[in-house]
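Read top to bottom, the protein sequences are chains Z and V. Under full-length UniProt numbering, the first residue of the first sequence carries the number 1, and numbering increases by one thereafter. Under full-length UniProt numbering, the first residue of the second sequence carries the number 1, and numbering increases by one thereafter.
It is possible that some hints are incorrect.
Derived lysine to any residue pairs resembling SDA-like cross-links, with alpha carbons at most 20 Å apart [to be verified]:
#	chain 1	residue 1	chain 2	residue 2
1	Z	K46	Z	G158
2	Z	K122	V	V131
3	Z	K347	V	L161
4	Z	K122	V	A356
5	Z	K126	V	K118
6	Z	K495	Z	L479
7	V	K212	V	M227
8	V	K118	Z	A488
9	Z	K280	Z	Y392
These are calculated hints, taken from the structure and not from any lab test. It should be emphasised that the depicted structure is a prediction, and the values quoted were computed from it without experimental measurement.
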Amino acid sequence: MDHTLLVELSRAQFALTALYHWLFVPLTLGLSFIIAIMESIYVKTKNPEWKKLTKFWMALFAINFAIGLATGIILEFEFGTNWSNYSWIVGDLFGAPLAIEGIMAFFLESTFFAVMFFGWEKVSPKMHLFSTWLVAIGSNLSALWILVANGWMQHPVGMEFNLERARFEMKSFADVLFNPNAVSKFLHTIGSGYVMGSLFVVGVSSWFLLKNRHTLFAKRSIIVGASFGFLASIFLLVTGDESAHQIAQSQPTKLAAMEGLYDGKHRAGIVAIGQLNTNKKIGDTQDEFIWSIEIPYALSFLGFHNINAFVPGIDDLVLGNTTLGIEPAQSKLDKGKQALEALRTYKEAQQMNNVPTQEEALALFRTNESYLGYGYLDKPEKIIPPVALTFYSFHIMVGLGSWFLALFFFVLYFSMIGKIGSKKLLLYAGLFSIPLGYIAGEAGWIVAEVGRQPWAIQGMLPVGMASSHIDEVSVMITLGLFAIIFTALLIAEVKIMLKQITIGPEEA
Amino acid sequence: MFGTLSLLTLQQYWWFLVSLIGAFFVFITFVQGGQTLLYAIAKDDKQRNMLVASLGRKWELSFTSLVLFGGALFAAFPLFYAVSFGGAYYVWMAILFCFILQAVSYEYRVKPNNFLGKRTYEAFLYINGSVGIILIGIALGTLFTGGNFMRNSMNFSAWTLPSYGLEGALNPFNVAFGLSLFFLARVQAALYFINNIEDVHIIARAKQQLFKDALLFVGFFILLVVMLLVMNGFTYHMGVVFPESHKFLNNFLATPLLIVTFLSGTLLVLYAIFSTLFKGSRCGIWFSGFGVILVVTSLLCLLGFNATPIYPSLSDLASSLTIENSSSSHYTLSVMSYVSLGVPFVLGYIYFVWRAMDKTKMTSAEIEADSHHY
């Protein structure tokens with residue numbers, strides 16, 4: 001049965017939920033710490049202006065937090081509803097971080113959230129501050145566990161395939177938790193949340209300054225936002241470098257797509273900006289770009305921390321490169337099919353109680369086990385993700401990330417010398433950078449997830465094998481309903497948020 | 001410590017934990033019950049705001065418990081997660097839609113410029129508290145009555161009916177389960193309001209409401225228990241599943257501890273209702289809460305133990321799920337068992353925060369003074 005449409009609809013539904021979820025999460029991650037810093041200043045100085053400031057940003061945090069929760073619960077359950085084969089095949093590894101997230105992070109957030117919002121008069125100032133910090137820590141712990149799970153999908157480690165049960169099983173929890181891909185992904189993702197939170201504070205404060213309203217409040221906020229944002233941007237740069245390094249090791253197809261690199265090379269440069277040639281095909285001699293500006297050696301350095309390193313391109317990864325020992329994709333597909341065949345033989349022999357055949361099949365399976373996922377693909381070029389979407393998303397993310405660093409630097413500088421109020425252009429730039437922050441964050445996730453295609457789990461399970469066996473119409477219905485509900489709630493959220501900002505800190 | 005336990009012991013331990021988390025969730029559904037009583041108990045906006053504010057300090061706990069219930073099922077019994085969620089698609093999706101509506105409604109209801117209007121968010125809260133809870137009850141009921149699914153030798157599963165789980169709503173036991181939960185949630189909500197709010201009018205009307213809902217709850221609960229005790233179930237031996245008459249009655253008789261917890265839990269809930277209605281007690285929620293946790297844990301533990309499938313298949317008995325064929329590996333269950341040691345700590349700080357926040361009862365003056373009230 002061809003179930004391409006079902007898989008595409010399921011992907012669309014998951015992508016829709018994830019993209020909406022990511023509209024709210026980064027602000028939660030970043031703003032929670034900024035609020036905690038502001039409240040710490042209040043508790044230290046006992047200046048009620050800082051309390052007012054804290055409460056204003058807290059009110060905006062709450063509006064955003066609620067809808068983040070709503071979209072988050074959907075993501076968790078969609079693994080089961082739309083990706084049931086996936087849930088079974090890797091549930092032994094994937095379910096654990098999700099459950100730990102629930103026990104360690106969600107309860108921390110939801111319990112102390114109530115104190116943070118309603119406990120001003122009910123607990124001591126120190127206890128209240130402690131609760132605010134716990135909410136921030138809880139939010140970030142929650143990101144840790146879900147990104148451990150996501151990192152494992154990008155770079156599966158610490159497991160073994162169990163033929164009896166036809167699934168992967170965990171062999172080392174430490175390997176899953178300290179998976180280098182998960183660590184860099186976690187740090188880079190929370191870094192982007194801190195930047196987003198800072199952009200929000202800087203942008204909203206810029207608006208107050210432009211309107212000449214609540215100027216003292218805005219100047220105080222902007223200095224906290226820009227300081228935190230500047231540090232977070234540097235952190236983002238460092239963790240981005242580490243993420244790219246990890247991708248080069250474990251997901252070479254993603255790296256090649258991110259850079260539109262077809263013909264692999266030593267001393268490869270990074271295309272800083274360029275236009276992809278959409279007629280370019282795998283193995284032909286056309287140029288990859290219509291025009292481009294390249295930073296020499298940078299890709300070799302980024303990927304392998306060595307300017308002379310060879311970076312494989314799409315052609316090398318699909319067609320193979322005998323000189324450099326890169327295996328052609330077709331050979332991987334063949335080995336994968338052998339692994340699948342061995343698995344089938346094993347299961348049949350198990351039913352017939354034919355032990356010698358079972359052992360033979362097991363040995364053949366183990367030989368080809370690491371190619372298992374390739375057995376489900378029908379053509380070698382299927383191993384390559386959509387190049388244009390991955391390339392442009394990556395470049396948008398990096399370009400905007402660099403812009404934010406510069407923005408925070410100048411905002412911080414002019415705030416420190418007391419001239420921020422007169423820098424209209426910079427304040428407008430701050431205001432209009434809020435939507436850019438969302439674009440950068442979503443683009444980052446597109447690179448991570450579209451760049452991972454065709455895999456649900458890199459090299460092990462393609463998305464086509466991961467979905468539930470339901471009919472397309474059912475997914476169409478739920479996808480449509482999600483789109484309507486999420487959009488309506490997003491409109492409500494934005495309208496409420498804008499109104500609260502307009503009301504300002506006095507009445508907040 | 002956990003690593004030395006047998007796989008079966010770990011599976012049973014995790015079924016017990018899942019049951020306990022499910023029971024905790026049912027206790028916290030007083031939030032949902034309260035959402036359906038906003039107009040029955042409050043006579044004006046001011047009182048309604050008090051009810052919402054009172055529930056609003058607990059609503060995240062109900063949401064989080066549901067997420068943890070799902071997460072624990074995923075981690076410990078991934079095949080159940082795959083089969084049920086991927087098969088009874090419409091039921092779970094409908095439940096999810098009901099919970100999306102809840103999450104935003106508290107925060108957005110009285111905010112200026114909220115796009116959909118206050119009454120819409122109140123309707124969302126009502127839908128979550130009624131449809132959401134009844135559907136969860138129906139979904140839980142199918143653990144006893146079964147689902148229409150098949151799985152192959154690779155453990156890939158598919159639902160056999162195009163209604164994708166909605167057919168569960170035609171089974172009287174499942175419906176009784178759903179309605180029992182719904183009225184229980186309303187009973188507990190009334191007990192919670194009486195405990196949490198300092199307002200004579202609200203308390204008086206909550207008592208009137210408690211009386212009506214308690215009668216309906218007791219009626220449906222008796223129906224549920226009678227059906228449970230007389231219904232035929234399934235059992236398994238050496239991996240083969242087959243029918244057994246009066247399976248759940250047999251399970252009760254085989255495990256006297258379950259009879260004790262079930263009966264004492266039921267008595268605590270009845271005592272909570274009685275003491276609130278006739279003795280002026282305002283602590284009913286604590287008795288009923290503890291009672292609900294005992295009753296629901298023991299009900300869910302009727303599955304998972306005594307060779308009982310946790311999800312029988314009505315389409316193909318051999319496809320039925322048991323704790324043994326649907327669980328995670330020994331290694332994962334052991335790792336997760338260490339993590340589970342954090343649960344008492346979590347319960348500890350929830351209790352601590354609850355006490356700190358509710359040490360004085362909520363008054364209308366407090367709501368008016370709070371700039372961030374719901």
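Right, here's what the structure says about each hint:
1. Distance check on the hinted pair: Z/K46 and Z/G158 sit about 50 Å apart at the alpha-carbon level, beyond 20 Å; violated.
2. Note on Z/K122 and V/V131: the hinted pairing is violated, with a Cα-Cα distance of about 35 Å set against a maximum of 20 Å.
3. Proposed proximity of Z/K347 and V/L161 is contradicted: the alpha carbons are some 28 Å apart, above 20 Å.
4. Straight-line distance between C-alpha atoms of Z/K122 and V/A356 comes to about 7 Å, which keeps the hinted pair within the 20 Å bound.
5. Restraint check for Z/K126 and V/K118: the C-alpha separation of about 35 Å exceeds 20 Å, so the hint is violated.
6. Between Z/K495 and Z/L479 the CA atoms are separated by roughly 24 Å; this puts the pair beyond 20 Å, and the hint is violated.
7. With a CA separation close to 23 Å, the supplied pair V/K212 and V/M227 exceeds the 20 Å bound.
8. Distance restraint check for V/K118 and Z/A488: the Cα-Cα separation of roughly 15 Å lies within the 20 Å cut-off, and the hinted pair is therefore satisfied.
9. Distance check on the hinted pair: Z/K280 and Z/Y392 sit about 16 Å apart at the alpha-carbon level, within 20 Å; holds.
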